[in-house]
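Undergrad: Chains as they are written, first to last, in our numbering: chain A, 30 to 367; chain B, 4 to 293.
Worth double-checking, as some hints may not be accurate.
Stated by the list, open to error - Listed below are several chain B residues computed to face chain A (Cβ distance under 10 Å; list not exhaustive):
{"hint": "1", "residue": "Met4"}
{"hint": "2", "residue": "Leu63"}
{"hint": "3", "residue": "His67"}
{"hint": "4", "residue": "Thr152"}
{"hint": "5", "residue": "Thr155"}
{"hint": "6", "residue": "Glu168"}
{"hint": "7", "residue": "Tyr169"}
{"hint": "8", "residue": "Ala231"}
{"hint": "9", "residue": "Val232"}
As the list claims (entries may be wrong) - Covered by chain A, according to a simulated footprint, are these stretches of chain B (three or more residues, beta-carbon under 8 Å):
{"hint": "10", "stretch": "103-117"}
{"hint": "11", "stretch": "263-275"}
Since the hints were made in silico from the structure, they are not lab data.
The beta-carbon is built from N, C-alpha and C at its ideal position, and this holds for glycine as well.
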Amino acid sequence: MTKPTVIVHDPTLRDGQHAVRHQLDVKQIRSYAAAADTAGVPVVEIGHGNGLGASSHQVGHSRLSDDEMLATARQALPHSKMATLMLPGWATSKDLRNAVRHGVDVVRVAAHCTEATVTERHLDVIRELGAEAQGVLLMSHMATPEELAEQCALMVGYGAQAVCIFDSAGHYLPQDVTVRVAAITAAVDVPVAFHGHNNLGLAVANSIAAIEAGARVIDACARGFGAGAGNTQLEVLVAVLERLGHHTGIDLRLLADAAELAERTLMPAPPTIDSISLVSGLAGVFSGFKKPVLAAAEQTGVHAWDLFVELGRLRVTAGQEDMIPDAARELAAHGGLR
Amino acid sequence: MLTTAVLGTGLLGLDLIERIQNSPTLTCGLVVGRTPGSRGLTQAAELGCTTATGGIDALLDTGHFDVVFDATNAFHHPEHSRKLADTGAVLVDLTPTSAGALIVPTVNGHQAATHRHIGLVSCGGQASIPILHALAQHYRPSYVEMVATAATASVGRASRLNLDEYVSTTQAAIGQFTGAEETKAILNISAARPAPPFRIAMTLVAADDVKQGPVGALVEAAEVAMQAVVPGYRVTSCTVTGTKVRVIVEVAATRSRIPVHAGNLEVISAAAIHAAEQHAATSIRKELAR
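This is chain B alone, in the form it adopts within the complex:
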């Protein structure tokens, strides 16, 4: 069992806690918030977690953690990373910072255990890279675009202040995973009612012609692989025109702590737990070998 700590008590933090409690290889040692008596901290305590206020310093004072999940914001992440560097903790970054090794479960999830600072790109990155990467293995992309639309209630203050990092980190990650010369990432916030599911519209322009057949099979395989990590992940359309592939995905959340439209939170919290569990599996193997 690996002992974990969660920094941040937004909806994302609460979903992480629940996933940790359901995990056979992770336990929740501490949940850290900022404001005493905040709704998130109260709920964390109700879930049976030890809680603290005072941010990263409170966490360091409490003791050692094998894994620390950072669900705060991109402004504070560098400080968290610096202060945790000497503790030996694995840092899983759910903020849109590009400092850690970028991990997307169905693409390079097996590499998570080899990194002690893991970056999860963004919700849009987690939802689009599995499909874009699969296509890029077969078609050399010259341009790749990702437009994510999240329901307003699922986008908290930290995310709203981190839109610049969201855009730049997602663009860079898409470039890294697809090799595209030019990438573009956009985030829309929808106020539509009822709140729509998280939606990602992807466009890949290939350097050479594309045929519908293999595209459909590649997209479907990537979709099926994703559904093992995120059950509410669904490709709603896939069209090919000349050298252009257009794929639309919707992600519905299937969790008890987050509303059904908050697929954006689900993709990234599922990825975080997946990465931590890879570390847990490695440490179990090491113990068995001893």
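So here's chain A without its partners, still in its complex pose:
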């Protein structure tokens, strides 16, 4: 029996930004994009870690503007599709028009897992602009399989040509992914995508579980370059897919070279599952909170582990970085000192 083809979607140059405070420069973007293109990676995602228009004090100012990032990457991607991400309330339709003018082929519109209704307008704008529109549900472990299926169906109704669930906190076990992806594939007739994080060391296993449950697009980053413990490791994923017999169209040997280049040029060190990343996965908190949590813990004298557990209890979602110092002060006031 032939195994289904898997489209590998590579957000190294977007999600990886979280690990370097959104400081990737022109040379870094150009060289990695060219290497990924040469290896045959079908889709390469570009942008600030939080997407279009997100450069801010709240989540960090990026070194390059959206214009500079997209123009640089487009030149280096003669074959691969170029993708980007946006969050309604952070970026606007103006940013979408600008991105499409720069040659973006795929735009992902992302919302917290229960808030798909905010994607209605922007999915429609992307379709009108003629780009491929995909809907993303962030922090998807915070919703039940039924809720996710419902939210994905809404996005398809708004025009999404693929729907994607992000394991933003790296909280899933393979069986969690299986039930969610199965529920979504049963509810929609567009490709389903899965975006894993490696906080519990399960990103590749979770991605395989997603494919077995019907997902056809998998996100993965070179060396796992991404927020916190990092993402699903791209070259490992593709090797595993080869062993399982899934076609990806990627030349693994060239991809391994691209990953070497990524390690050498993009990151101070490849992501690792340190104790902070472990607790953020366990507590179900957005991996991108690592740096601000460490800063707040340092400032207030509370233990970063306890702060992550507290943020998980508060169900704080991505983008609410302003909650971190407050939660740390509260914890310090209530004797949560190390």
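Fit chain B to the given chain A structure using the hints.
TA: Chain B alone, transformed into the frame defined by chain A:
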């Protein structure tokens, strides 16, 4: 007494009705919705209001109103504005459109009576501009940012479809009130349970160094002034690092028709009533002078 009409029957419309009924100088003449028998229209009728469906045309058919509150959405506001232009009605816009004169009660509320088309920016604008404006009077800002987080249950469909207008109108208004060269506005929707109060994180980067002392006093004065309009308005933190001032505000609603977390609705409906009452005060003064 000024006779008012309310366009829109979401939570915001219902809070407006209650405030109008409690106002010594305003009466509610009509509430207009879209769908016959909708929950909002039913509740408006229960509050004793005359109701109609059919939008702005129904309102125009009913007769003259001194003040019309537009609590619909930014897509429909231009049409409402155009159709009301010749009626002499004061239009108070609660949608995130930047067409009217922008009014924030504690900053330039006294000017409301001189404008017949009033814009209220956005909930984030109403909650942040009093503090940002106070700081900008003393420190020349080069960059100002506002991140608002509203509980999911307090953000209706119209607001969700108007996020682009929310962002651009708030950014422009913050620039207008602070003189900052660069401004950034962001809206988060929180699904946390229990629903958190409306929260606004502000960052002002000054062109020159800032000292903690005067910053604290400025922020506190702005907070106290706001509490006279919005009782649930509270500064939860104010920190200064070098040239950067960071202020966080939470707004809890104190109204019967809206849940406690919906401070976002409260700041803008309080501002709307404040503006209408300024007009009422002016018309009373004119009558007395006659």
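Undergrad: In ascending order, which of the hints set out earlier in this document are inconsistent with the structure?
TA: Failing hints, ascending: 1, 2, 3, 8, 9, 10, 11.
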